Amino acid sequence: MQMPKIVQFEGAKAMGLLGVFNPMDAQIGKLWDDFVPRMSEVPNQAANNHAFGICTMQHPDINTLPSGQFIYMASLAVDAYPAVLPQGMTTFELPAGKYAVFTHTGKLADFGNTVRYIYDEWLKTANRADYSYPDFELYDERFDPNAETGEIDIYIPVL
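In our numbering, the protein residues as written are 1 to 159.
Because the hints were derived from the structure by calculation, they are not lab data.
Check the hints yourself; a few may be wrong.
Pairwise CB distance ranges, derived in the manner of DEER restraints [claimed, not checked]:
1. F9 to Y81: 27 to 35 angstroms
2. Y119 to Q58: 12 to 20 angstroms
3. Q69 to G11: 20 to 28 angstroms
The model shown is predicted, which means the values in this text are computed figures rather than measured ones.
By construction, the Cβ of each residue, glycine as well, lies at the ideal position given by its N, Cα and C atoms.
Given the sequences, and given the hints that come with them, work out the whole structure.
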């Protein structure tokens, strides 16, 4: 498996749908299935057309996170937040900082293998930043959502 590249991420605003998941039975695909038909409702979309899959342990919309669960947000990059959000959507500010970036290349069906390597092997020896920082996936023009194949970058905050 590849070693990550270390980058300074400038931060980004995101808007989309979120859910609370158990890592052993994450139904994240369903969240994306719910979000994709509603993407056109997201105002102020960034010109870069980036989509984010955000994994976090904290969000203002979630008061108490059950033990062993995490928050995932299917979202689009936006330039600014509107005064009124589309129904059921929320926002998230991806913090600027230093991140290790892994690139998954291939089928979306094999994405779990890359994620397992990062969390089960690489993170054991990595100098990870504060766990309050989110991990996130970046989907850009290198990923074809219709064919469910291409490249996806996975950002892990590091010190």
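Status of the hints after comparison with the structure:
no.	hint	result
1	F9 to Y81: 27 to 35 angstroms	violated, 19 angstroms
2	Y119 to Q58: 12 to 20 angstroms	holds, 19 angstroms
3	Q69 to G11: 20 to 28 angstroms	holds, 26 angstroms
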